[in-house]
Amino acid sequence: MNRKVRVRFAPSPTGALHIGGVRTALYNYLFARKQGGDMILRIEDTDSNRFVPGAEEYIIESLSWLGIKFDEGVSFGGKYGPYRQSERKDIYRQYVDELLKNDLAYIAFDKPEELEAKRTEINNFQYDASTRMSMKNSLTLPAEEVKQKIANGEVYVVRMKIMPNEEIKVNDLIRGEVIINSSILDDKVLWKSADGLPTYHLANIVDDHLMEVTHVIRGEEWLPSAPLHVLLYRAFGWLDTMPQFAHLPLLLKPEGNGKLSKRDGDRLGFPVFPLEWHDPKTGDVSSGYRESGYFPEAVINFLALLGWNPGTEQEIFSMEELIQLFSLDRVSKSGAKFDYEKGKWFNHQYLVEKSNQELAGLFNVILKEKGITTSEAKLEQIVSTVKERVSFVKELWNETSFFFIAPESYDEKAVQKRWKEDTSAQLTELTGILNNITDFSPAEKLEETVKNWINEKGYNIGAVMNPLRLSLVGELKGPHVFDIVAILGKEESIKRIQKAIETIKI
RNA sequence: GGUCCAUUCGUCUAUCGGUUAGGACGCCAGGUUUUCAUCCUGGAAAGAGGAGUUCGAUUCUCCUAUGGACUACCA
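Counted the way my numbering counts, the first sequence spans residues 1074 to 1579.
Simulated from the structure, these hints should not be mistaken for laboratory data.
From the three backbone atoms N, C-alpha and C, an ideal C-beta is built for every residue, glycine too.
Some clues are possibly wrong.
As the list claims (entries may be wrong) - Estimated spans, in silico, between C-beta atoms of each pair: (1) S1407 - Q1167: 57 to 63 Å; (2) V1425 - P1327: 22 to 28 Å; (3) P1327 - R1166: 49 to 55 Å; (4) K1578 - S1474: 24 to 30 Å; (5) V1438 - R1076: 44 to 50 Å; (6) L1341 - S1407: 19 to 25 Å; (7) E1565 - K1518: 34 to 40 Å; (8) E1502 - K1578: 43 to 49 Å; (9) V1425 - Q1489: 32 to 38 Å; (10) V1358 - G1150: 29 to 35 Å; (11) I1396 - W1138: 49 to 55 Å.
Unchecked claim - Simulated crosslink set (DSS-like; lysine-lysine; CA at most 30 Å straight-line): (12) K1417 - K1550; (13) K1142 - K1152; (14) K1467 - K1530; (15) K1162 - K1265; (16) K1326 - K1443; (17) K1107 - K1142; (18) K1234 - K1191; (19) K1107 - K1162; (20) K1550 - K1441; (21) K1234 - K1326; (22) K1568 - K1415; (23) K1184 - K1220; (24) K1234 - K1209; (25) K1518 - K1427; (26) K1184 - K1354; (27) K1550 - K1467; (28) K1550 - K1530; (29) K1490 - K1550; (30) K1184 - K1265; (31) K1443 - K1493.
Build out the structure end to end from the sequences listed, making use of the hints.
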């Protein structure tokens, strides 16, 4: 049977979307596009306790910022809806009832405290074929009593009835065949008494089936429960259309061990969320890639290569290229440590490729906050002289502030080293030279004139250029000195040189 | 503890039995820039350990070690 490829990204709205989740979404998207299939957004909000307002909107906005598009789902529409699991309760109920009717699941009345007691009493207690006959459930209680309890409004869960000692095969597109024995599985709760909603496992299988999902691409943390999912497909008789599984390796902490978490970001000073997140419960604010100044293309490029590569030596990929090249069999099997430094490098690569116009527009936002206004043309000029030196737009300020604010003081060490006895005289002479030049651009012409003067006078070129830079910038750094003079213009350049001559005493 | 998954430079990775084990980030050195940064060139840097299979193993198998995930009426 040749079905149209359909994948889903199915986060639960319990907070900000983690960067690992973003990568899962990305791989789903790349796979879907490559295969000409559909990409679905399904919200798995079957845990009413952990629901966080705003999380769903956050997820949608994040993926939209990154350019990961959906064909169907919450806020996108489609004919397989509703796409929010909390709105599908009645659908799930039919399917649990079917399982119950076919004796593939059963009703259990054991209270959470009772189970807790069992677990402390018996080491490694598991609710399964070996123990269920000693518990309070529809398998052990007379049918009459079960009916009575339900009629009395006693709450219950529905548990999957798992046959022991059976080899269950899960075919994983990344890892190959994974076999586990059904005896290690417990009789998983399919329907919760606490909030009257299905658990992930049930809702997931029902939805993937009903939504005709062909490939389940998700994090490796799901691999241990994949056999249970296979069992559910079998219980419903859906084995022939069961999706193919691909379990992605995890994103790990940059240092030490374990899964990358929100706290690592706080500790090591980098974002783990795509967008800034304001936790409505705690009031905490977590930084985001967008607010930190990352370009979405850079984040995508960086993430795509964390766990996948096309086998070539290319490092920079557009979304289109990624789509063309992506394949699940080139996804690596082991977890990837999150290397923030490389993320910065990617951003630098993308920043350098941006037009001066675009960067000037972005930078202008920062300048406005500082109360600085300049012409667009001048800003583009300024940006062009420094863009290769930075990784982020916000770093532009450090590199260019002297263009807008004349130096108030001069780097002492530099003064000591470069400001000699005859410096003042030479710079005074230079102001005269500059004053005679009518056109300050191009910078090359300016440079030629000044250098000719230096040569004619027989001055040491470094003895003039370094103090000149010091006068204009305040320290010995920055772009080509004649680019600075050209951008500053005649009046401002001369003013700064004169001020330096007055201020610096040796 | 149990189950499963994994294991090549510090990090991300290439290699699908025969390679001087390649690339990128980071690091170091040199060059360019009479500044700083960029940039260019070069360098250091890896097959967890042990058995086997084979003419030959980084590559296949097993064991050990290490790491990770899971082990809830969370997803």
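Please flag the earlier hints that this structure goes against, numbers listed from lowest up.
Hint check: 1, 3, 7, 8, 11, 14, 16, 19, 21, 22, 31 fail, others pass.
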